[in-house]
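Enquirer: Letter by letter, the chains look like this.
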Amino acid sequence: MSKKIVAMTGNHAVANAMKQINPDVCAAYPITPSTEVMQVFASFAADGAVDTNLVTVESEHSAMSACIGAAAAGGRVMTATSSAGLALMWEMLYVASGTRLPIVMQVVNRALSAPINIHCDHSDSMGARDASWIQLYAENAQEAYDNIIQAVLISEEMDVRLPIMTCMDGFIISHSIEKMELLDDNEVKAFIGDYKPHFPMLDVENPVTYGPIALQNFYIEMKRQQVDAMESAKQVILDVGKKFGDSFGRHYGFFEEYMLEDAEVAFVVMSSAAGTVKAVVNELREKGHKVGLLKPRMFRPFPAEEMANALKHLKALVVMDRSDSFGSAGGPLFTEVRSALYGVENAPLAFGKVFGLGGRDLEVHHVEELFKELDKASKTGTIDKVTDYITVRV
Amino acid sequence: MIDTSIFDSQVDNAWCPGCGNFSILKTLKEALAELELKPHQIVLVSGIGQAAKQPHYIKANVLNGLHGRALPAAIGVKIANHKLKVIVTSGDGDLYGEGGNHFIHNLRRNVDITVIAHDNQVYGLTKGQASPTSDLGFKTKVQVDGVMLEPIHQLALAVTLRANFVARSFSGNREHLKKMMKAAITSKGFSLLDVLQPCVSFNKVNTFKWYKERVYELDETHDHTNQTAAFQKALEWGEKIPIGQIYSDKRPTFEEQQFALKDSTLVEKGLDLEKARDIIQSYI
Chain F
6 MSKKIVAMTG
16 NHAVANAMKQ
26 INPDVCAAYP
36 ITPSTEVMQV
46 FASFAADGAV
56 DTNLVTVESE
66 HSAMSACIGA
76 AAAGGRVMTA
86 TSSAGLALMW
96 EMLYVASGTR
106 LPIVMQVVNR
116 ALSAPINIHC
126 DHSDSMGARD
136 ASWIQLYAEN
146 AQEAYDNIIQ
156 AVLISEEMDV
166 RLPIMTCMDG
176 FIISHSIEKM
186 ELLDDNEVKA
196 FIGDYKPHFP
206 MLDVENPVTY
216 GPIALQNFYI
226 EMKRQQVDAM
236 ESAKQVILDV
246 GKKFGDSFGR
256 HYGFFEEYML
266 EDAEVAFVVM
276 SSAAGTVKAV
286 VNELREKGHK
296 VGLLKPRMFR
306 PFPAEEMANA
316 LKHLKALVVM
326 DRSDSFGSAG
336 GPLFTEVRSA
346 LYGVENAPLA
356 FGKVFGLGGR
366 DLEVHHVEEL
376 FKELDKASKT
386 GTIDKVTDYI
396 TVRV
Chain V
1078 MIDTSIFDSQ
1088 VDNAWCPGCG
1098 NFSILKTLKE
1108 ALAELELKPH
1118 QIVLVSGIGQ
1128 AAKQPHYIKA
1138 NVLNGLHGRA
1148 LPAAIGVKIA
1158 NHKLKVIVTS
1168 GDGDLYGEGG
1178 NHFIHNLRRN
1188 VDITVIAHDN
1198 QVYGLTKGQA
1208 SPTSDLGFKT
1218 KVQVDGVMLE
1228 PIHQLALAVT
1238 LRANFVARSF
1248 SGNREHLKKM
1258 MKAAITSKGF
1268 SLLDVLQPCV
1278 SFNKVNTFKW
1288 YKERVYELDE
1298 THDHTNQTAA
1308 FQKALEWGEK
1318 IPIGQIYSDK
1328 RPTFEEQQFA
1338 LKDSTLVEKG
1348 LDLEKARDII
1358 QSYI
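Order-wise, the sequence lines are chains F and V. Under my numbering, the very last position in the first sequence is 399; numbers go up by exactly one each time. Under my numbering, the very last position in the second sequence is 1361; numbers go up by exactly one each time.
Derived by calculation from the structure, the hints in this document are not laboratory data. All values reported here derive from a predicted model rather than from experimental measurement. Ideal Cβ placement from N, Cα and C applies to all residues, glycine included. A hint or two may mislead.
[To be verified] Each pair of labels, with its calculated beta carbon distance range:
| # | chain 1 | residue 1 | chain 2 | residue 2 | range |
| --- | --- | --- | --- | --- | --- |
| 1 | F | Val-397 | V | Asn-1158 | 44 to 54 Å |
| 2 | V | Val-1282 | F | Ile-225 | 49 to 59 Å |
| 3 | F | Tyr-99 | V | Lys-1204 | 30 to 40 Å |
| 4 | F | Tyr-215 | V | Leu-1140 | 35 to 45 Å |
| 5 | F | Trp-95 | V | Val-1282 | 33 to 43 Å |
| 6 | F | Lys-228 | V | Leu-1140 | 37 to 47 Å |
[Claimed, not checked] 16 Å max Cα-Cα, derived EDC-like pairs, lysine to aspartate or glutamate:
| # | chain 1 | residue 1 | chain 2 | residue 2 |
| --- | --- | --- | --- | --- |
| 7 | V | Lys-1115 | V | Asp-1080 |
| 8 | V | Lys-1327 | V | Asp-1189 |
| 9 | F | Lys-283 | F | Glu-374 |
| 10 | V | Lys-1218 | F | Asp-52 |
| 11 | V | Lys-1255 | V | Glu-1113 |
| 12 | V | Lys-1216 | F | Asp-52 |
Sequences and hints are given; from them, build the entire structure.
Expert: Below, the structure is given as structure tokens:
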């Protein structure tokens, strides 16, 4: 295995992974900060480095529609978007998953309007969390690259056959240059294998119908099958993560446990902010504090049981959400985690903090402040507020 | 006469130096002032794009919405209070691309609003992809082999659907631009003013010079009430590009045909809950 260490932005890393995957069709519409993914990929297409038919359409709604058509025809299909672009795809997201088409989409996380904001938060992909798409989140460019390669296999597995969005933080990861490892083209090709489409529309000997009406007679059965597909996806994600680790040395599961085993208190946070939290955990460990981190990678399907097992020994934990679910019992990640802990004997105290909306920076001292709250909760056995915001003017 | 400084906003300008938008901005302020319109009488509506930032730079009522959705928001404003001057000021990508469906159907609807389309034949905000008005063969970082899609021919579309005012101008001819803006704003019904402008950063083909060498002003020999003649002028593009009023019509506006808007605006009517309750009761 040849290691190629490069300096790359997240967008370039994803575009390079797409080059190595060599999808049949990509349909896309530009939106900051994901525009560059398709722009770099277009240069690969122009150079003849891929065989992809790249379709530039007139809106994101059309982009997802074209992906659905191409996937139904039997193609390996990819796209990328952000923010309002993902929101505009909304009705097509459900068509993609309801039709059980394996489509891989890179979401470069960005806040939703209004007010207009081009910077990172998770409102876009979290808004699509009930769309029956698998969701993987990356901490850095390396993970974004590794996730999208694995996503192809996960999505195409017969027991899964669900579309998948791989998410990375807009600007923070998409536009920052990091050191990372690129795999060899042939290694990626061998890892993902050839795509054997099931029931393609282009198989004229065996005509099929996609998307006919199903009312009271069959609709609910089809939805129930999506539940089974999500359940099957869990083992597939573990298997593909192991296969990837065995092949390339970087193993992936549902979540990363960082100094969690002997911890008394812990942070639960996804994506790039986990990097900042790790730095604080290191610093606190040096001072003798038993603190750890759980970084979810897979948000859909949500690994409730496994996460509860990983967290149940703690005295207190804080779940940090980079989006809010207005009027609900907390941010999307917090409500999932706290629900996972329901019924667990001596469950840890859990509170939620919303942070970083619209790209508001999360700094080391903010995390240190949060630790003080965690420490207090573990010592007193009480929490002041179940959910709150940090780094916000009030 | 109103001083144009009444329209000056305190928002920092984010356009590239040399952008055609500056000329459109300055000219619009002058046109509004010469029409004796005051900031509170005007609503500027835009979607997303470099041109869509224009309302930030003019002190008036402003509604800056989502990409492609300037027109639905604008007609909502106009129907709620048809005494306001509603002006959409957005780009070719926003109005004709992502908002293309709204463009077509609002030409049909004929609400009394003015659309000033900043047309630079490229996506500026997302850094240089082809727009619906890009010429065939126009190369970008994404359309590397050149644009293969036919341009949208927005003026011909507006002539076909009998918009009440259809015109083109050029950001490099401010006198002409101002004349067209004033005519568009005072014309009753849907007014489309497509303004050619250079994008100095991302369109190296259709430059200031490129437009300057090609545009010519329509004179009185062009009968803008003749749909067939207008259609021909709307499609004239290449070595010679006409600027001026291409078409005019006298279709009744959407508002004129609404019984509820005859005596007063919706906002002036207020809400009579007692009356509403009586009506509901009559159906129970």
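Enquirer: Hint by hint, which ones does the structure fall short of?
Expert: Those not satisfied come down to hint 1.
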